[in-house]
Amino acid sequence: MTCSGFVSWCLYNGGVPLGDVGAGDTPGYDDEYSDFGERVWLDEEVMRSGILQVGDLIGCDGHIAIIAGFDENNIYIAEALGKGIVMEVRERYREVWQCGDYTYA
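Take 28 as the starting number for the sequence shown in the numbering used here and just add one per residue.
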């Protein structure tokens with residue numbers, strides 16, 4: 028399963044009307060996941076601000092994932108990679124998303 032296929036499956040089963048949507052951030056293309064919400068640079072300030080929520084989409088050009096949870100020290104990211112669907116655990120305030128930005132819905 029691709030990353031966009033996984034996110035589509037999650038959103039569809041969560042009752043979000045999708046239509047025909049793509050994963051990327053391609054100028055001139057409508058209805059991509061990056062169009063679902065405000066694009067915000069993911070840095071330590073944003074991580075501490077409290078605006079991130081479970082279910083927010085997180086990604087960069089060519090990849091999309093879902094924030095699945097938080098605890099005091101970690102952010103949990105559900106995503107489909109070449110090895111299947113995985114739960115990535117990142118340090119909440121140090122090891123933020125490597126691509127640098129996210130889009131939330």
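Hints in this document: simulated from the structure, not taken from any laboratory.
In this text the structure is predicted, and so the values were computed from the model without any measurement.
Incorrect hints may have been included.
Listed next, with one range per pair, are the computed distances between beta-carbon atoms [to be verified]:
1) Val116 with Asp70: 30 to 36 angstroms
2) Arg75 with Pro44: 22 to 28 angstroms
3) Trp36 with Gly96: 15 to 21 angstroms
4) Gly77 with Gly111: 18 to 24 angstroms
5) Gly64 with Trp36: 14 to 20 angstroms
6) Pro44 with Asn101: 30 to 36 angstroms
7) Ser76 with Gly109: 16 to 22 angstroms
8) Glu72 with Leu45: 19 to 25 angstroms
9) Ser76 with Gly32: 26 to 32 angstroms
Beta carbons are placed, not taken as given, at the ideal position from N, Cα and C, and that holds for glycine.
Against the structure, the hints come out as follows:
Remark: the range hint 30 to 36 angstroms for Val116 to Asp70 is contradicted by a beta-carbon distance near 19 angstroms. Under the hint 22 to 28 angstroms, the C-beta atoms of Arg75 and Pro44, about 33 angstroms apart, miss the expected range. Separation of Trp36 from Gly96 is about 18 angstroms and conforms to the stated range, judged on CB atoms against 15 to 21 angstroms. Between Gly77 and Gly111 the CB atoms are about 32 angstroms apart, so this pair departs from the stated range of 18 to 24 angstroms.
In this structure the supplied range 14 to 20 angstroms holds for Gly64 paired with Trp36, their Cβ-Cβ distance being about 19 angstroms. Distance hint check for Pro44 and Asn101: the Cβ-Cβ separation is about 31 angstroms, which falls inside the suggested range of 30 to 36 angstroms. Distance hint check: the CB atoms of Ser76 and Gly109 are about 32 angstroms apart, inconsistent with the given range 16 to 22 angstroms. At about 31 angstroms, the CB distance of Glu72 to Leu45 disagrees with the hint of 19 to 25 angstroms.
For the hinted restraint 26 to 32 angstroms between Ser76 and Gly32, the CB-CB distance of approximately 31 angstroms keeps it satisfied.
Violated hints, listed in ascending order, are 1, 2, 4, 7 and 8; each of the other numbered hints is respected by the structure.
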